[in-house]
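Engineer: For reference, the chains in residue letters:
Number of protein chains: 2
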Amino acid sequence: MKYFGGIEAGGTKFVCMVAASPDEIVAETKIPTTTPEETIKRTNDFFSPFVLKGELAAVGIGSFGPVDLNQHSNTYGFITTTPKPNWRFTDLLGGVQRRLQIPVGFDTDVNAAAFGECYWIPENKNLDPLLYVTIGTGIGVGAIANGKPVHGLVHTEGGHLAIPHDKNEDPFEGYCPYHRDCWEGLATGPALASRWGKPANLLEDDHPGWDLEAKYIALAFTNLIYLYSPMRIVMGGGVSQHKGLLQKVQLKTQQLLNGYVQSDMILNHIDQYIVNPGLGTRSGVLGAIAIARQLA
Amino acid sequence: MKYFGGIEAGGTKFVCMVAASPDEIVAETKIPTTTPEETIKRTNDFFSPFVLKGELAAVGIGSFGPVDLNQHSNTYGFITTTPKPNWRFTDLLGGVQRRLQIPVGFDTDVNAAAFGECYWIPENKNLDPLLYVTIGTGIGVGAIANGKPVHGLVHTEGGHLAIPHDKNEDPFEGYCPYHRDCWEGLATGPALASRWGKPANLLEDDHPGWDLEAKYIALAFTNLIYLYSPMRIVMGGGVSQHKGLLQKVQLKTQQLLNGYVQSDMILNHIDQYIVNPGLGTRSGVLGAIAIARQLA
Numbered sequence: 000m001k002y003f004g005g006i007e008a009g010g011t012k013f014v015c016m017v018a019a020s021p022d023e024i025v026a027e028t029k030i031p032t033t034t035p036e037e038t039i040k041r042t043n044d045f046f047s048p049f050v051l052k053g054e055l056a057a058v059g060i061g062s063f064g065p066v067d068l069n070q071h072s073n074t075y076g077f078i079t080t081t082p083k084p085n086w087r088f089t090d091l092l093g094g095v096q097r098r099l100q101i102p103v104g105f106d107t108d109v110n111a112a113a114f115g116e117c118y119w120i121p122e123n124k125n126l127d128p129l130l131y132v133t134i135g136t137g138i139g140v141g142a143i144a145n146g147k148p149v150h151g152l153v154h155t156e157g158g159h160l161a162i163p164h165d166k167n168e169d170p171f172e173g174y175c176p177y178h179r180d181c182w183e184g185l186a187t188g189p190a191l192a193s194r195w196g197k198p199a200n201l202l203e204d205d206h207p208g209w210d211l212e213a214k215y216i217a218l219a220f221t222n223l224i225y226l227y228s229p230m231r232i233v234m235g236g237g238v239s240q241h242k243g244l245l246q247k248v249q250l251k252t253q254q255l256l257n258g259y260v261q262s263d264m265i266l267n268h269i270d271q272y273i274v275n276p277g278l279g280t281r282s283g284v285l286g287a288i289a290i291a292r293q294l295a
Numbered sequence: 000m001k002y003f004g005g006i007e008a009g010g011t012k013f014v015c016m017v018a019a020s021p022d023e024i025v026a027e028t029k030i031p032t033t034t035p036e037e038t039i040k041r042t043n044d045f046f047s048p049f050v051l052k053g054e055l056a057a058v059g060i061g062s063f064g065p066v067d068l069n070q071h072s073n074t075y076g077f078i079t080t081t082p083k084p085n086w087r088f089t090d091l092l093g094g095v096q097r098r099l100q101i102p103v104g105f106d107t108d109v110n111a112a113a114f115g116e117c118y119w120i121p122e123n124k125n126l127d128p129l130l131y132v133t134i135g136t137g138i139g140v141g142a143i144a145n146g147k148p149v150h151g152l153v154h155t156e157g158g159h160l161a162i163p164h165d166k167n168e169d170p171f172e173g174y175c176p177y178h179r180d181c182w183e184g185l186a187t188g189p190a191l192a193s194r195w196g197k198p199a200n201l202l203e204d205d206h207p208g209w210d211l212e213a214k215y216i217a218l219a220f221t222n223l224i225y226l227y228s229p230m231r232i233v234m235g236g237g238v239s240q241h242k243g244l245l246q247k248v249q250l251k252t253q254q255l256l257n258g259y260v261q262s263d264m265i266l267n268h269i270d271q272y273i274v275n276p277g278l279g280t281r282s283g284v285l286g287a288i289a290i291a292r293q294l295a
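Chains as they are written, first to last, in numbering that gives the first Met the number 0: chain A, 0 to 295; chain B, 0 to 295.
For the record, the hints were derived by calculation from the structure and aren't laboratory data. All of these numbers come straight from a predicted model, not from anything done at the bench. Take the hints with a grain of salt, since some may be wrong.
Heads up, the list lumps identical chains together, so a pair's fine if it works in one copy or across two of them.
Said to hold, decoys possible - Computed list of lysine-lysine pairs in DSSO-like fashion (alpha-carbon distance at most 27 Å, straight line):
no. : residue 1 : residue 2
1   : K40       : K147
2   : K147      : K124
3   : K166      : K251
The task is simple: from the sequences and hints, build the whole structure.
Structural biologist: This is the structure:
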């Protein structure tokens, strides 16, 4: 059994992959996220032939959340209190494991992505802690510390960080239904669209919205740095791919730290410290593959 | 060799202890922090007789910072870029190890305190991640995740978190020389004294300053919760001992999370989630003892 299955379970689509490594991908598909029953059935249909051929050792899942990661809980492996219609308390792990009958690992989408970046990118080995941040429709932070993903009471929810919001500079109220102007409320794709009246990907490169966006991301990044002292921050997700944004974030983070963290990496090599994903847009699903490998 | 040495190296005093456990403390002393030479000499003088009698297996140090925790660095075990006069680039670990000639462990004061709370308090076992927050002359956050203290590029500097500051409500500019109104700039003892014109311990129990203080602490705690999902937050330090503050912080944290983190602990048992130290004011030095035990 030389292959592993990876599932990046997102609110819009499930990305499914069979692979031995990023260099040996056997099959890959994207399944639209409809009802839990249909989506999980189609996911299992994709992997099932590989199981029947005896080629699949294990499957890893990196899921949208909130999820239950407590292995002693009755709802371990469930998507829990999501606002997504029909998906509340969906037994995702169980739905895959009962059909495929092989070991299944489970974590959040962002922890899977963080683990994938650590596991597959040689230059990330020994960069611990490593944080993976996704900035797109939502904002999430995955953390690897002391060799493993960080879990606790529930799991990280980095998008909801409370950060300074100067309402004179930016009167936008914020978009988060729970906290209004938390990081996610100010800086996701939908927040940008709502503030500026058009989708983020249609904002011109020199639109002042990008400086404001970089400021909010950088404010949050200083908090990540103060609380983890990470060896590297990987910035992925749709919004973060906008041309020039990474460089703005690097510079603004350096400015906001204001020399407090006396590290050569931050003072002189910020371009190697805050980086785009080494795995491109596949950090999540290849992270799920890495999680599966840990089970075998 | 049944005993271990612990040093809580602070900017005002060094607390030194010889013990086997919190229930078997053999000797304890407090040495004022003067020059590095004098302070380290007096510290060594305290431990030396126990070493000569062959009773001391190892020493642990929890130090004020910034410190260098990178074991491959030339300045490992040094206090580095501190603003404290005379202490810049002081080889604290080396100064102890060269004289005592036994194994010496080294970490930050807050990581030592967090480790001490995990190691010695039975009900904290398996509460991982666990965060220890000190709120006093400064603010610091120590983190244990996946069984070990979190280190990275440098170490955590949780006091400098960027948090919302409503200048209409609180026109105080902030006290931090690097970031002005970061958490530490708004909520340390000296910030309170500067804002209200008298020392924090002289503010009446019903002074509105305590509600504001609880709000800033709670804002920062929501960020700790979003980034670590800790199993427990231990709140120590001089300011945090003010009567009623813990309860205000518990309530305000719950309010600010606003039901987003669906955990029984937060929704119904916040009084067991945010707690004062199980080791009282000795978390740091007993944590240093725990670090020493790990070496033996």
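Engineer: Now look at each hint and say whether the structure bears it out.
Structural biologist: Comparing the hints with the structure gives:
1. In this assembly of identical chains, K40 and K147 lie within 27 Å of each other by CA distance neither inside one copy nor across copies; the values are 30 Å within and 40 Å between.
2. In the homo-oligomer, the alpha carbons of K147 and K124 lie at most 27 Å apart both inside one protomer (13 Å) and across protomers (18 Å), since each shortest distance falls under that limit.
3. For a Cα distance limit of 27 Å, the shortest separation of K166 from K251 qualifies both inside one copy, at 19 Å, and across copies, at 23 Å.
When held up to the earlier numbered hints, the structure conflicts with hint 1 and nothing else.
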